[in-house]
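The whole structure should be built from the sequences, with the hints applied where relevant.
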Amino acid sequence: MSTPTSIPEERLLPAAGGSDPRPLAAPTTSVNPIQRDHATTIFEKGAPGRRSFVAPDSGVPEVALDEILPAKLRRATPARLPEVTESELVRHYVRLSRRNFDLDTGFYPLGSCTMKHNPRLHERVTALPGHARLHPLQSPERSQGALALMHGLERQLAEVSGLPHVCLQPSAGSHGELAGVLLARAYHEARGETRTKVLTPDTAHGTNPATVTMAGLEVVKVATNPDGGVDLDDLRAKADDQVALIMLTNPNTLGIFDPNIEEIASIVHGVGGVLYYDGANLNAIMGITRPGDMGFDIVHFNLHKSFTQPHGGGGPGSGPIAVSDRISPYLPLPVIRREPLASANGNAPATEGFEGFRYSLVEHADAVPEGAPGSKSIGKLRGFQGNYGCFVRSYTYITSLGAEGLRDASEIAVLNANYLLAKLQELGVREHLPLAFGTRCMHEFVLSGGPMKRELGVKTLDLAKRLLDHGFHPPTVYFPLLVDEALLVEPVETEAKETLDAFAEAIAEILREAVEDPTIAQNAPYSTPVRRLDEAKAAKQPVIRQPLG
Amino acid sequence: MADASYPEDLKYHPEHDWARVDGDTAVFGITWYAQDALGEVVFFDPPEVGATVTKDESYAEIESVKAVSDVVAPLSGEIIEVNGVLEDGPEAINEDPYDGGWLVKVRLTDTSEVEALLDRDAYVATLS
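One line per chain: the protein sequences are B and U, in this order.
Residue numbers for the first sequence follow the numbering used here, beginning at -7 and rising by one.
Residue numbers for the second sequence follow the numbering used here, beginning at 1191 and rising by one.
I should point out that these hints are in silico values taken from the structure, not numbers from a laboratory.
Backbone N, C-alpha and C define an ideal beta-carbon position, used for all residues, glycine too.
One or more hints might be untrue.
[As the list claims (entries may be wrong)] Using 27 Å as the maximum straight-line C-alpha spacing, the simulated DSSO-like pairs for lysine-lysine come out as follows:
#1 B:K189 with U:K1295
#2 B:K415 with B:K529
#3 B:K189 with B:K445
#4 B:K189 with B:K368
#5 B:K230 with U:K1245
#6 B:K189 with B:K230
#7 B:K213 with B:K189
#8 B:K415 with B:K445
#9 B:K445 with B:K532
#10 B:K230 with U:K1295
#11 B:K213 with B:K230
#12 B:K532 with U:K1245
[Claimed, not checked] Covered, in the sense of this in silico footprint (three residues per stretch, anywhere, with C-beta under 8 Å from a C-beta of chain B), are these stretches of chain U:
#13 1224 to 1235
#14 1243 to 1257
The structure is reproduced here in structure tokens:
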């Protein structure tokens, strides 16, 4: 099939609320700076000798290079660094950023990723010099405020999860998962048991099977019942004394809360297994119910999802874990210890400390009382204490919203998802894009593009690409795997009704258009800096080095 | 990509695999439906020649632009050949799932297992 390079007039997108056609591709006589800036790297810009700065006199006597660095240790030719002016440098990266679709530009309903607004207050707090300039090697005595904030965040997360012990170290959700699975393994090994199986429902978060494999354990899939929850008969059949843990996401990646969670907990605990809660979908239940109360032993949080961080570019993220008493001895070190100031060093009240308490980092298991958190630690998960900037933003978020505010956030997230779902049904998309399971949802829902593909020849991927032309980031596609041509939509609580309406209208419009002419969606997008990418070629022949020529 | 088809001379497994049985050997592959659901295949991770495969269990992986999926063995036996074409040209699985896109050749350990597989019409009925 050929790819059109220009769009016939009848395929133009009507402007919102009017009948004037608006071209999806700008006429070639009108070129904006971003279009003019063809895909060049910073290395292809500039000219030899061009600089962004003039180095001032150093003010110290010059020393011949040979005296401090022998020639044999120096490179023979200068490194080929970009030679550009500051304005070229700024324009290059600003233009690149404008080619990106980001949350600050538009609606980003990427399912299970919780792309909620990042309040600017958080950036102000994080930029305070005491946070921004804190060095990771600063001594605990001189970092009392930071340790107090981390300890406070631990207590907040313990309250949200209903589990008493928290470790902030993991750098991402997947890292938190790995920590959780290693903790469960350590728990069983300390009891002299070698359990290898990890029950993983096919509605679990997509990273779970990879985590299990990385932790050296074996994935055992559990089927889904017709309501979208765990198939209890299948679970009973697979739950035996070889099961180390079950990894569950609740609500799951179908956006459905499993009402049988207590029965699931009872089955898994009954065979001596541990319950692990993947926090990917915590945004649906904050302040309403708690994983600890459902019977979970280990939870990981995605601070960058539920508790706001700019995310989606590969980091930094943060994936703290919370655990029950029986798992806590295995927690990673160091743990943060808090003591009242008067008893901190025996006699004179210490002058350091923060608001009446002295905070310290306990680095070694033998400094921890038997049975206390970290006393049989699995070790350290990363350098230093974690991604501190994420802690500051999440602490600010939780503190400024409070318990009621967090509950409001979750309730509105669920309301928005159900509103969008109802709006789509009202617009008649059900014929081609039915809801995969059930009739309602929690904070996200999964539509199946199966009928659309069979009847219109338009795949979910085509719909997603065409949404870009309407100014929306597409939802998650082709996940969860158990839904044919899945479209996983998570609208989050910070979106206005008008945005949800416009998104629903765009999907309805794309379907109407596809009934008339499926090739429009099949060849989309038309308005983006690059057109349809060859994903198969990118996977088979990735070009990951750019010769500097 | 080829149009939907399900040849009469093959035996089918409900997990969308086919077997072309010839005496005590068989060639395995995935059906048109399976390759269509996977989307463009970018990598086939075959078993080693000499490896044992068990009916209803995974023996290889296929990676597409959407996901990495297990391939289930329709019959039990020992791998005697793998389709080397797929190493550099895994797209043959999409383009020609029943001939050029075959996956492995197997010496069967129990030819009576064939009786449990579906014929064309029974398999096609599972797709609707």
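Checklist line | Violating hint indices (sorted, rising) | finding: 1, 2, 3, 10 and 12
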